[in-house]
Amino acid sequence: MSKIVLEAQKIAKTFTHPAPLELFCDISLKVAQGQSVAIVGRSGEGKTTLLHILGTLDTPTSGRLEVSGTEVTLHNSHLLRNQHIGFVFQAFHLLDDATVLENLLLPLAIARANLKQCLPKALDLLKRLGLYERRALHALKLSGGEKQRLAIGRAFISNPDIILADEPTGNLDHQTAEEIQALLFDWVKDKQKAMICVTHSQALAKRCDATYLLESGTLTPTSL
Amino acid sequence: MYEFAVARKYLIPRVRQLSVSIISLISVFVIATVVWLSIVFFSVQEGIEQSWTEKMVALTAPVRLTPTAAYYQSYYYQIDAYSEKSNFANKSLKEKLESPVTDPYDPSTDSALPLGFAPKSDIDIVKETKSSLQKLPNVTSSIFETASCSLKLKLLRDFGPQNSPQEQVIVTNAFLMNSGQKKTDLPVSAKDITNLVEQTLFHQLSLAPLFRAVTISQVITPTEGWKMPPSFLQEGQTFSAIGHYSGNKLLYITFSEAEETSALQRERGSLAKKNGLLLFNAQEIHNTPLYLEGNISFTAKQQDAPKLELQGILQGKRIQGTSSIEGLQVAAFSIANPDSFAKLFNNPIVLPKGFKDAGALIGDEGHISYQGFGTTGMQDLRSSVQVAGFYDPGIIPIGGKIILAPPELVSQVQSSTFQDDRSLPTGFAVDFPDLKMAHMVKAEIVKSLEAKGLNKYWNVQTYDEYEFTKDIFQQMKSDKNLFSLISVIITIVACSNIISMLIILVHDKRKEIAIMRALGATKKSIASIFGLCGFFLGMSGSLLGTLFAIVTLHNLNAILGIIGKLQGFEVLSSTFYANTLPSEVSGSALLFVIIVSAIASMIAGIVPAIQASRINTSEALRNE
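So the sequence lines, in the order shown, correspond to chains A and B. Throughout the first sequence, residue numbering follows our numbering, covering 1 to 224 in sequence. Throughout the second sequence, residue numbering follows our numbering, covering 1 to 624 in sequence.
Next up, chain A with everything else stripped away, as it sits in the complex (with noise of 0.2 Å):
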């Protein structure tokens, strides 16, 4: 049996502004090392807060997640953040003013890593994603498909255990999308990570191991 990366239990998230609103309730979802998993369901359901749940970056109303073997709580999911997920989002959020390279090194910044020591392993990182070149430009200057491969390399760079993807295709054109998808699939593959992507997108959500469809409040497993 895989160890287990994120377990999330009975998590429930309510809104009290502007007018009271459960968007769910009782999700429970586990994931291990070397599983991707997709949340697919119509817009409005609570995917990105779900995900943004599981990643740490919104607090559920109730429920217990673990990451990493650890329960998240207020002081240490910053940490969790930091070093055991890494996260793609459909608008790349990537610092303008900051260059590719700087932005890659971004989260071993925050980790307060020698980064001397680090930017061997950035620039091969660089190569693999094929911005080598473009490792002095400031971001904004990428195309979309780049700063993606990119917000993916900085999902990398600081091996979290999980990535969790939001809509990582959604902005992109086929090809391009393929080649996101083949990063992503083949990191989980080969280093036996877990992923879990929130998407609309049937081909994305296939190449998955498990989906689950978040419809009226639940969290159900299904197949496409």
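One or more hints might be untrue.
[Unchecked claim] Cross-link-like lysine-lysine pairs, in silico, DSSO-like; alpha carbons within 30 Å at most:
#1 K121(A) / K480(B)
#2 K154(B) / K436(B)
#3 K127(A) / K127(B)
#4 K85(B) / K456(B)
#5 K141(A) / K436(B)
#6 K206(A) / K10(A)
#7 K116(A) / K523(B)
#8 K343(B) / K191(B)
#9 K249(B) / K227(B)
#10 K480(B) / K470(B)
#11 K154(B) / K227(B)
#12 K470(B) / K127(B)
#13 K116(A) / K511(B)
#14 K524(B) / K116(A)
#15 K30(A) / K10(A)
#16 K152(B) / K55(B)
#17 K120(B) / K452(B)
#18 K401(B) / K452(B)
#19 K307(B) / K227(B)
#20 K565(B) / K127(A)
#21 K436(B) / K452(B)
#22 K55(B) / K343(B)
#23 K301(B) / K343(B)
#24 K130(B) / K85(B)
#25 K120(B) / K343(B)
#26 K127(A) / K206(A)
#27 K121(A) / K523(B)
#28 K10(A) / K523(B)
#29 K9(B) / K116(A)
#30 K524(B) / K120(B)
#31 K307(B) / K343(B)
#32 K456(B) / K127(B)
#33 K152(B) / K121(A)
#34 K130(B) / K401(B)
#35 K55(B) / K154(B)
#36 K152(B) / K130(B)
#37 K127(B) / K141(A)
#38 K121(A) / K524(B)
No lab work stands behind these hints, which were simulated from the structure alone.
Following the hints, position chain B against chain A.
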């Protein structure tokens, strides 16, 4: 620290963040302006305060002991008026110090003391005080006295070829004060030396002492002309010259084209020296005076007084020779021997610079007159004096009236006029090398006086507590406090710009803040990025302002000179301020301003920093 790198990136002006960049630049500029003005103001004020303090202390001393009412009521003081040995007259402090007896009263010969007379005490207050002061390390003390007199100065000017000067007179009431300090003496000018030469020659005295004290290196001929010895012309030289005739008789020869106003006939021609003979228009001349008109400069080398070896240029040709200094004006000199220079004067007095402005020069003579007991009772007494220098009295109200004189002269005047006049200050002047020690020295003096039970007889004051300086120092302190307050307020206002700028920056960088939070940055890190931004802005403003201030202070006199020329009168009157303003940056001002701006800019960074750390990461990422 990535926080530094991020803060630095945020502060680099970018077109995409035009509003933030403009507000940042305005903030830095405003802070720089405040810092600039504050440092310049505080530095100049501190410099002026220091120079005023030095001037005031030069006139008195950093610490003074003045007799209190208890002293004047004491047996020790009162008893002289009842004692034959003291000529039935109260004694000055100096007389008390020099007197061999503590108690001159002899009940067998002197009349009985009135009822209620101060109780007898054997303690010699003045001598005991002096011995207490002598025991303090690094401290010197002397009795200072002030005497009132009237000064009459005769200014002899325009001696002319016949040595018949015109006489101007300055008469004024003044106070004589003895002072050993010479820190605020004004420099001796070439005019002063010329005057000393003229006065010496006028009194037919030898110039040898002056020549020993002073090295004259350059002289110029007076505008009205100088009778040049014919030997100055060199063999073979020819000059264009003008002969002045009365009838056929050649009276004198001049060299310049100056407009002639006399009724004499003039003939233009050439003056040549050939075979040792002087020829004017080829006619040999004997004993005809040659006058150099206008200001012709000669380099001078002193020989036996009053002779100078001179070298100059006339009509492009070198002329040289030996001549008496008489009739020449000194243009450049150095005081070779200050001690000899000081000894040149008879009863030397040092006058406030107002006298110099009124036309007095070093070397001028005059006399002081005062009322005193002479052989026939009260009468006018006189002592001749000679101006030996000028000093800057600063802004002491009576500074313009205080004449510094040798202690013997002051004593002489004071003891003649001593009528128990307590309005004229007297006491012990206590001197030491460092003014900053004044309060410490005062405490030590008070302690040693208390030990001997003498403290009730003396009022011990530091220079900033004297009656005539207290108001000025208090005013300066109050000015400083007021301006400090104003500059703190303006700095806070300037820093409020930083708050606005940072709030806009936080708003602009919401997404980036959320990204950093998503990647694991703590709230503290995010807050410190914006705190650092505020601090950087504040500090760059301070740094820029400090640089401006240094440049301004180094060129302050030139800048004020330009403004003065534009407005037509001095910006800062040299009567109140020094002739040159201070150009040193005050360390304490710099520290004060930098600390204030650092604290204000850090506080300015706090509000936006808190705002930044509270951004909801999930929401910010979703809204993009």
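Checked hints:
Our distance criterion of 30 Å between C-alpha atoms is broken by K121(A) and K480(B), whose separation comes to about 60 Å. Between K154(B) and K436(B) the CA atoms are separated by roughly 41 Å; this puts the pair beyond 30 Å, and the hint is violated. Between K127(A) and K127(B) the alpha-carbon distance is near 95 Å, which puts this suggested pair outside the 30 Å criterion. Restraint check for K85(B) and K456(B): satisfied, since their Cα atoms lie roughly 27 Å apart, inside the 30 Å limit.
Between the alpha carbons of K141(A) and K436(B) the distance comes to roughly 64 Å, so the proposed pair goes past 30 Å and is violated. The straight-line distance between the Cα atoms of K206(A) and K10(A) is roughly 26 Å, inside the 30 Å bound, and the hint therefore holds. Restraint check: the Cα-Cα separation between K116(A) and K523(B) comes to about 26 Å, which is no more than 30 Å; the hinted pair holds. Of the pairs offered as hints, the one joining K343(B) and K191(B) holds, with about 19 Å between alpha carbons and a cut-off of 30 Å not exceeded.
Between the alpha carbons of K249(B) and K227(B) the distance comes to roughly 19 Å, so the proposed pair stays at or under 30 Å and holds. Taking the CA atoms of K480(B) and K470(B), the gap is near 15 Å; set against the 30 Å cutoff, the hint holds. This hinted pair checks out: K154(B) and K227(B) have alpha carbons roughly 27 Å apart, not beyond 30 Å. Between K470(B) and K127(B) the CA atoms are separated by roughly 29 Å; this keeps the pair inside 30 Å, and the hint holds.
A threshold of 30 Å between alpha carbons decides the hint, and for K116(A) with K511(B) the separation of about 27 Å falls inside it, so the pair holds. The suggested pairing of K524(B) with K116(A) holds, with an alpha-carbon distance near 25 Å, which does not exceed 30 Å. With a CA separation close to 11 Å, the supplied pair K30(A) and K10(A) stays within the 30 Å bound. A C-alpha spacing of about 25 Å is found between K152(B) and K55(B), which places the hinted pair at or below 30 Å, so the restraint holds.
Distance hint between K120(B) and K452(B) is fulfilled; the C-alpha atoms sit about 17 Å from each other, no more than 30 Å. Under the criterion of a C-alpha separation no larger than 30 Å, the hint pairing K401(B) with K452(B) is inconsistent with the structure, at around 37 Å. A hinted pair counts as satisfied when its Cα atoms are at most 30 Å apart, and K307(B) with K227(B) qualifies at roughly 15 Å. At most 30 Å may separate the alpha-carbon atoms for a hinted pair to count; K565(B) and K127(A) exceed this at roughly 70 Å.
Between the alpha carbons of K436(B) and K452(B) the distance comes to roughly 26 Å, so the proposed pair stays at or under 30 Å and holds. Restraint check for K55(B) and K343(B): satisfied, since their Cα atoms lie roughly 24 Å apart, inside the 30 Å limit. With a CA separation close to 23 Å, the supplied pair K301(B) and K343(B) stays within the 30 Å bound. Simply put, K130(B) and K85(B) have alpha-carbon atoms about 23 Å apart, close enough for the 30 Å limit, and the pair holds.
For the suggested pair K120(B) and K343(B), the alpha carbons sit about 46 Å apart, so the restraint of at most 30 Å is broken. The hinted pair formed by K127(A) and K206(A) meets the criterion: a straight-line CA distance of about 29 Å does not exceed 30 Å. As the CA atoms of K121(A) and K523(B) are separated by approximately 28 Å, the hinted pair is consistent with the 30 Å bound. With a CA separation close to 28 Å, the supplied pair K10(A) and K523(B) stays within the 30 Å bound.
For the hint pairing K9(B) with K116(A), the CA-to-CA distance comes to about 20 Å; that is within 30 Å, so the pair holds. At roughly 79 Å between alpha-carbon atoms, K524(B) and K120(B) are farther apart than 30 Å, so this suggested pair is violated. Restraint check: the Cα-Cα separation between K307(B) and K343(B) comes to about 21 Å, which is no more than 30 Å; the hinted pair holds. Of the supplied pair hints, the one linking K456(B) and K127(B) holds, its CA atoms being roughly 15 Å apart against a limit of 30 Å.
A threshold of 30 Å between alpha carbons decides the hint, and for K152(B) with K121(A) the separation of about 95 Å lies outside it, so the pair is violated. As the CA atoms of K130(B) and K401(B) are separated by approximately 29 Å, the hinted pair is consistent with the 30 Å bound. A distance of roughly 27 Å separates the Cα atoms of K55(B) and K154(B); the hinted pair therefore holds under the 30 Å criterion. In summary, the hint linking K152(B) to K130(B) is not supported, as the alpha carbons are separated by about 35 Å, beyond the 30 Å threshold.
Between the alpha carbons of K127(B) and K141(A) the distance comes to roughly 91 Å, so the proposed pair goes past 30 Å and is violated. In summary, the hint linking K121(A) to K524(B) is supported, as the alpha carbons are separated by about 28 Å, within the 30 Å threshold.
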